[in-house]
Amino acid sequence: MAASARTVVARATWVALVVPVVVTAVAVALQLAWLGSLPDPVAIHWGLAGGPNGFAAAWVSIAITSAAGLLLPVLMAAATIPALRRGAQGPTFRFMAALSAGMSVLMGVVATWALAMQRGLADATAAPSITPALLVGLAAGAVVGAVGWAVQPGQEQVIVGASAAEPMPVRPGERVLWTRTATAAPWLMLLLGATALVTVALGVAAWFTDPARAWTWLATTVVVVLAIAGTGAYTVRVDGDGLTVTAALGLPRFHVPLAEIDAAGTGDVVGLGEFGGYGIRHAPHTTGVILRNGPALRVRRTDGRYLVVTVDDAPVAAALIEGLVERRARSRG
Amino acid sequence: MLIRIDPGSDVALFAQVAASLRGEMAQGRLRPGDRLPAAREVGTSLGVNLHTVLRAYQDLRDEGLVDMRRGRGAVVTPRAAALSDLRAEILALGDRARALGMTADTLASLVRDSLSDGQPGTGWPEGPREQV
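Protein sequences appear in the order of chains L and U.
So that you can map any letter, position 89 of the first sequence is 89 in the UniProt record's numbering, and since no number is skipped, the others follow by simple counting.
So that you can map any letter, position 25 of the second sequence is 25 in the UniProt record's numbering, and since no number is skipped, the others follow by simple counting.
To be clear, the hints were calculated from the coordinates, so they are not data collected in a lab.
Heads up, a few of these hints could be off.
Unchecked claim - Heads up, incomplete: computed chain U residues facing chain L, CB under 10 Å, no partners named:
| # | residue |
| --- | --- |
| 1 | 1 |
| 2 | 35 |
| 3 | 44 |
| 4 | 47 |
Quick caveat, the model's predicted, so the values are computed rather than measured.
Beta carbons: idealized from backbone N, C-alpha and C, even for Gly.
My request is simple: use the sequences and hints to build the entire structure.
Following this line, the structure appears as structure tokens:
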């Protein structure tokens, strides 16, 4: 049953945005109030052994608290609440809002606790282990996340603009091919490109200070570049064999044979809200090649699973698939 | 981009492939700068010979609608935009011809003749047809 859109939007806004903003504001206020009693610099990073190994001025801690506490919630709210307003909803929307609240509590508790235990210290190297702060932060984040989930109404997946395609007539013996390149949204490529550049810059910087760590950054760069290659562009093809979606590199590749297609349609995708992100995504009963928000081709297999691809001109592709499926059904009597 | 061919038709397969692509250009679904899919992939999907597809691409190149460069494949040229510019007029002409009871072949031959060297067309039907 679809929950009332008004309730869904209101609760999601509270959980995804208002709670994180309040939690972060309290954390920043406490840290500001303690500025006079903190060592300079303060410890802001702890090693695996438990002792502090990174130090900076106290304002850095405050800046990190604000950024870490607000960035995810603001992005999440900006990416999902406009879609909820248009009537989209579903369990992933609900989960992402709860995640946003839980993460902000984790960040706020850990960063604030880290400064609280340094109050009155002359030298931050004497700061105790961060482990209790982490454990309490995780527990508090989990509790707030669970409450954030519970206060939102239960909701079935609702896809805005979902419509089954009218079959495009295909004559017996006729051969058809529809193909189109699905490309990633420019902002997505910018984000991935910027991430790649940051990892390269950190790798180069680490080369001069800690060569062993440079290799870690190099490996990270390779992962990011592979992500770019696997996200940049896919060729979507509909022909007598069914639907084939192939990455520019040839892999990954998704194929649904015509015989396994039950129906084709279109509908709007909200990457974060429906799939929890972008790229090759999995949601219940659904595989997605999600390169942007907006209109997408949705194909239902005979076993009930879906393949979703964000490709332009999806209505033409869906109509052609329906036409091919119909012709196949006709020829089999 | 949609290509439809019918092996049962009298029209040569390469001509059907070329006509499909021209139609996509006219409808603005293939735009200048778009790259046509690799001929080999088109051939595989449609179950026709690679050379049939290449022949279609070459025809389009000869008409100036695509540019073929080694390593880049076939790219739609700015001239393709002219096809979509004419689309409204072509649709209007088609509607008018249909209202007058003309067959597609008749209209096509008249248009073809008007573009050649002013030779009168030979495709008028024998006397006006009545639309029921």
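Hint check:
Checking residue 1 (chain U) against chain L by beta carbon gives a least distance of about 6 Å; that is within 10 Å, so the hint holds. Look at residue 35 (chain U): its Cβ gets to within about 8 Å of chain L, closer than 10 Å, so that hint holds up. Restraint check, residue 44 (chain U) versus chain L: the minimum CB separation of about 8 Å is within 10 Å; hint holds. Because the beta carbon of residue 47 (chain U) sits about 6 Å from the nearest beta carbon in chain L, less than 10 Å, this interface hint is met.
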